[in-house]
Amino acid sequence: MSTAEWLDIGWVDQIPVRGSRTVQVEGGDDIALFRTAEGKIFALRDRCPHKHGRLSQGIVHGGAVACPLHNWRISLATGEALGDDRGCTPTVPVKIDGGRVLLCRASTLMAAA
Amino acid sequence: MEHRPITAESDTREHLVVIGNGMAGCRAVEELLARDPSRFRITIFGAEPRVNYNRIMLSPVLAGEKEFGDIIINDADWYASNAIALVAGDPVVAIDRAARTVTTRSGLVERYDRLLIATGSDPFIIPVPGKDLPGVIAFRDMDDVNAMLAAADAGKKKGGGAAVVIGGGLLGLEAAHGLSLRGMKVTVLHLMPTLMERQLDEAAGWLLKQALEARGQTILTGADTAEIVGEMKVEGVKLKDGTLIPADLVVMAVGIRPSTQLARDAGLAVGRGIQVDDHMVTSDPAVLAVGECVEHDGQVYGLVAPLWDMCRSLADGLVDKPTGYRGSVTSTKLKVSGIDVFSAGDFSGGDECEDIVLRDASRGVYKRVVLRDDRVVGAVLYGDTADGNWYFDLLKTQEDVSALRDILIFGQAFASGGGRADPKAAVAALSDDAEICGCNGVTKGQVVSSIAKGAHSLDAVRSSCKASASCGSCTGLVETLLALTLGDEVRSGPKTLCKCTSFGHDDVRREIIAQGMRSIPEVMQKLHWATPDGCSSCRPALNYYLLCALPGEYQDDQQSRFVNERLHANIQKDGTYSVVPRMWGGITSPAELRAIADVVEKFNAPMVKVTGGQRLDIFGIKKEDLPAVWADLNAAGMVSGHAYGKALRTVKTCVGSEWCRFGTQDSTGLGVKIERMSWGSWMPHKFKIAVSGCPRNCAEATIKDFGIVCVDSGYELHVGGNGGIHVRATDLLCKVGSEQEAMDYCAAFIQLYREEAGYLERTAPWIERVGLDYVKARIVEDDAGREALRARFLVSQSFSQGDPWAQRAEGAEAEHHAPMARFTPQEELA
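Top line first, the protein sequences correspond to chains A and B.
Mapping the first sequence onto the numbering used here, position 85 (from 1) lands on 85, and the numbers just tick up by one.
Mapping the second sequence onto the numbering used here, position 534 (from 1) lands on 1534, and the numbers just tick up by one.
Do not rely on the hints blindly, as some may be mistaken.
As the list claims (entries may be wrong) - Okay, the calculated bits of chain A under chain B, using three or more residues with CB under 8 Å as the criterion: (1) 16-29; (2) 49-60; (3) 64-76; (4) 87-99.
Keep in mind the hints are simulated off the structure, nothing from the lab.
Note that beta-carbon positions come from the ideal geometry of N, C-alpha and C, so glycine has one too.
Here chain B stands alone, though its shape is the one from the complex (with noise of 0.2 Å):
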């Protein structure tokens, strides 16, 4: 993880030199690189040996909610691309202002012409006895959630593994929350009475403390730890009340400070922290210093909107436009997902100031707003956070509320004219300086501007400024920002999933996989869905997509299915079903005829149709008589034809090599290898295939999904055709020489459209939309990517080729078909 300096003597550039690879450090750089890219010579050092990462997402990490490379800021690519030199891992160790040089601990000098110091804060680890036994952490980088994470397996193997975290502060609930997903009893320890105290009052403490412990959290407030005991690592807490609390793992979350020594030691002015003018110039003119280490006007910050300010000061100030930074009102929420905590400004009350609260107790609702002389000092929400922003908004324009009184605790959207006020209101309402993006700090002009220069979708704003790039909680925000900027443009934009949600069907999938969600709940929780339950669009989606995602480990949710793939059949207008069994590749036998032929007598059925897909479709059978039919079927062999379902359905053949005197290779051969591949897996759409023998194309093989027309010297393969309301004749991907090739190339391009398609979006508008290109770049030309959709098709496979007829006609899901009860009115129930 080091990238050499890149000494070079050409370079006459000023060599900025950076102490500092974290938030801070690299948010500075990049605010010079935005002004003038050409003006400084770069080198970064890094005591972590990692790229620049979002520290504040650490909890997620830990939490399970993001990996590791979802949290990164800027890649190895970002240094190349601007000639960073990077050296990580290797921390700084000494400034010598007279000789402009910094040594690092490997003992290398780098000359400067001018510094910045970003060092950030230390963890405050608690002087008590035991604070340095093995298993003693703190939860400030990717190290320490590294070993949470080991000891929370290290306890799952011993069946359950305990930690102790001291201090009840935004860090501390926050890790124990993590601990706590991880499967480890936790035990936080805060010295005082309520927790959070310097965001929350004792209302929203106390409320917060009984959700936590709802969700089997040990809260113990005035808990004072005497000491960790333990003989060769930690074995428990002590506090000073003698209470002994086993541990495997202490968290040591109390509070940080910043990290001055280094300044300290190279005779900068330091007070709390290495004090800084407006322009974050230190008492050296070439030394500057930015972020949680720094003490401006008296203040210090430890959290990471007043980075995001300090960085365009300083950076307006080395490019020769001063602005001047002018300290910064802080706001907090709380990242324990399905506790919503907000807290800004200043709430410790006072003579002058008035409060107004409101309490809803049924749902766990509290809300105060603390006003002086008119204007908003200060806000608490607990339980429904959405005002948050506008809030802090009027916080920081500091706006006379005096004519919003009477109302300004009911909300933005009351206040600005009845409770179903138009939600973009809201939003249009609020300040270019309003933060749209904590995690970012990006304010909404930024996000208006980005929008302006060609943004103009949720991906395009998350990778050109960053809002909502994080943890997506003001995804909603920046969608009506866009609609509100863009008008009626956005609308040609991604559709959303349903009305449940504001997220498109690419946004779901995406999150699905990078948040790694395992059921439909999960999702709707984590992706702010507007209903309870969804509905009958969105649910079977959901469905599909996890289904699509964990291959064999997700739960098949039945009643988020429509009904023909709850019950394996098709609903006809009477209520009655049809039954399709397959005939693979269309040819059938004597017994198959047979025994369809029984099923016919035996249960009645009115009709027999023979289908488009080359096979039989029996009609009128009753829900109850399903699993004896299947019962009859399978016993000659066959299985589910899956003429009811998002899957595949037919491959259609004609009779190729075999018999047709025009036939140029086995097409039925090869139609039935492709259907005893692919049968049984759920797609996004109904997936129909068909072989033809030769150009002549009986199977019809260019209206299908994936259709094959073989040829003297191989096989075409056409992808995207569709007999249906909008005809469309398939684009031709590419021709193969072999059967086998042929094959693989069906597998993967099944497995892109599994993939990427939208739930109930066929092959042809799927294709319209992505382009031939691009399935052809992803197909064709990229051999290792094909081989790796197929693998994961194959893989996705041998979970789903089970005959779910079986299942059912050995009594599996039996509730589906019977009923509950009888009633005959003369008699009783039966």
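Here chain A stands alone, though its shape is the one from the complex (with noise of 0.2 Å):
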């Protein structure tokens, strides 16, 4: 259930092992949820820092996602680009209750912002 810090998105089993769901935000970037091999759950903007690409839509692996455009690959826990390139994609608190998957409503606003 939303309160007025966190947002309902649904069932963590949505979201596919080493795979990622989204969420369209009127008026903005879509935000990225991505489920590790591991388990976890991260929230991204929807957005390569490099040159846009739709980072939902990459492969992910470890704790960090291979954007689909040019391969930068970026760390799912800071959002900042691995290896050589530099760059940072805003990320969203995430937190799971009760296998739902709840995402910090204000971080949600600014990031896709």
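Fit chain to chain and form the complex, with the hints in mind.
See below:
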């Protein structure tokens, strides 16, 4: 259930393992939700800091996602580009409650803006 | 399985007769041949009806990780090419030392000048009632493995069989592991309080027990077998405390003892084993013995490593440069995948001994190194065995480790200067005597000398000195030795697949097939991937290799596919997609054109473009709209053009003899037929075909992966062209006379490329790598091989020609397209 602080997005199981789903935010960028092989959930603005590729469409491996456009690797935890590339995409705090994925409302708005 | 002895009367060489066609007997012969290939006329007698195989690899065969063919050490060609007579399946039953003859069970009598006894050991069968019931077996040879496999199969048919393994030592646990993987419910009975008590201390034994129980085995320690019960066959095992455990199969693996009966009957000196001197000579100077059947200096050995040393000493002695065997220190590794256990030397402790112990409970790591007088005398490692070779080397060299003492337990990398020290330095620091390959008894010195003699690749090392040729767990060490020995030269060898692995593409593909691997996690586990779930380079490659190896069986992993292949459309820089329906041979119709025009208008596609591959590309489609677009295109009879895939793209054609005044054959018709045959197939990279109706080549067939140029007398087949960054014209493969042949050769070529090129390797660099002659040899010169390739392609195609668009349009994998939620800040979540 959504509250003033948290947005209830759906069940964890709706996100494929080593995959991603998106949340559309009206008037802004999508938020990409990721689920790693270890079962951790992360949320980032769905926009690579490089050329704005949709990170939700990338290959998730370890704690990173490879952007589908030019293969930049972005840390899911920090949004920072890994390796020799420099750049950062905003992250959104996530919590799991009873199998539901909750996104921080304020950060979602900021990240999507 | 019988190679008749060559009783060549003209052959006046000394006749060496070997009793035992196992690891020791054949290794001794190999060592002799290496020193002097023509010294002896050789006859080998074996009890089993087989060629020489690697007995210690029976466990992986039982576990389904290897097949019998993989563990053969010397095949029939080896016997033939070395003129060795093999009498297999007819064991020697008597030795007459006075007459210098041996007699086999079938009555064959053979005279010898030198006799080598390598009878190995016999499984110890505990003398309990019921031990002779059908269904009670040992774990010693291939027949035992076959009996276990048969029992597991029979168990499966009735919904799960039960097996009891008596003995929780190395052999018993490997048998239990294999049976468990084969679907049997396994109970291990062990008389002692901890497992593998001869190799592991109590702590490591306990960790091992926990790990095996977590895998579903029942482990009973302190379990004393009273009798094996059953009427016609085994039905269960009764313990002395009265417990009855039902079983369809009982494996006795309580131990082995030297097989000495023949020697004893012949009057040779026998203690626990056949007594030999430092040159492996028995009490009769004409008779030698080697392997597990011997007793040297009061010691008998039941492991493989001492055998290699014994065989070297034996061969040195026989060719008159005696070196002498001085006994062996042994180490043990358990071959149960995913459980790493190592032990070496003496860890029983004692007053003069000091223990250094490291435990990391959360990682399940336990390490113990035992020192005496500042020298390593024993080591037990559980969970992290990477430093096993190093401790074993320190143990064998008896190096003074007082300077290292504080950091010894953290392993070699740390001891040689920091936790992230160059792993190459660790291998460089090993002594020449350090054992690299435990399966085949190959030392670092031997590997380095093989490399120096020209074995400049992993495969070459495997075939020259056999290091890493069996279980493969030392592959990393061998590769490091290659790098150390050859320096920069090694970089010209095959590249590794990515940073997650030390294996190259070819190695991975070969191992997937050899070990019958069935999933990406399995490949990563078995090939020691350095990352938990790979990277965006290796995951798509592994997905493809498995798909190619297991058509129809492998479950495609969508998360290991690049976005275009996951969404069956081409991602564009703004995050929208382009959609290309297939136009067979570049031919279209009013209905198709209308449907495309309707889609463009209905979904507001900003652009439609004619592609280089003779079809239409609709740009600017949103991810959410893709299924609806496809549904409309499907309704007009169009399917996916795979413009997004490492797959068959287009078959470009010119109009040919149907319209063109120069056309020699029906190039459009042939193009359509080829596209119908080959569409939908996944490949290492994109694959383009073209058919030109005459040598004017309007379809540009000579820059395609497979191009056909029609001529009056038939069809020229061209391969390996590319119009990309590096333009490469095709090579002429051959000329054929009929359409059917052109299609057959095309299918065979595609399959050869699918099976042998590395992932993301186009046909052009692939052909430059393997050579046109190789491709010709496989496709043109080998009729049966070509037909087999074509047949495999068609089998694979029978599973891959479902239209992915139709499946998605019907709602399959909708999560790839729809957002999980919509959020409108003013209102609430939709």
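Check, residue by residue, whether the segment 49-60 of chain A contains three or more positions whose beta-carbon lies closer than 8 Å to a beta-carbon of chain B, and give the verdict. Check passed, 8 qualifying residues.
Closer than 8 Å, Cβ to Cβ, for at least three residues: run that test on the segment 87-99 of chain A against chain B and report holds or violated. Violated: only 0 residues of the segment 87-99 of chain A have a Cβ under 8 Å from chain B.
Tell me if chain B covers the segment 64-76 of chain A under the three-residue, 8 Å CB rule, please? Holds, because 5 residues of the segment 64-76 of chain A bring their Cβ atoms closer than 8 Å to Cβ atoms of chain B.
Mind checking, does the segment 16-29 of chain A have 3 or more residues with a CB under 8 Å from chain B? holds (count 11)
This entry does not satisfy hint 4, going by the numbered hints stated previously; all others are met.
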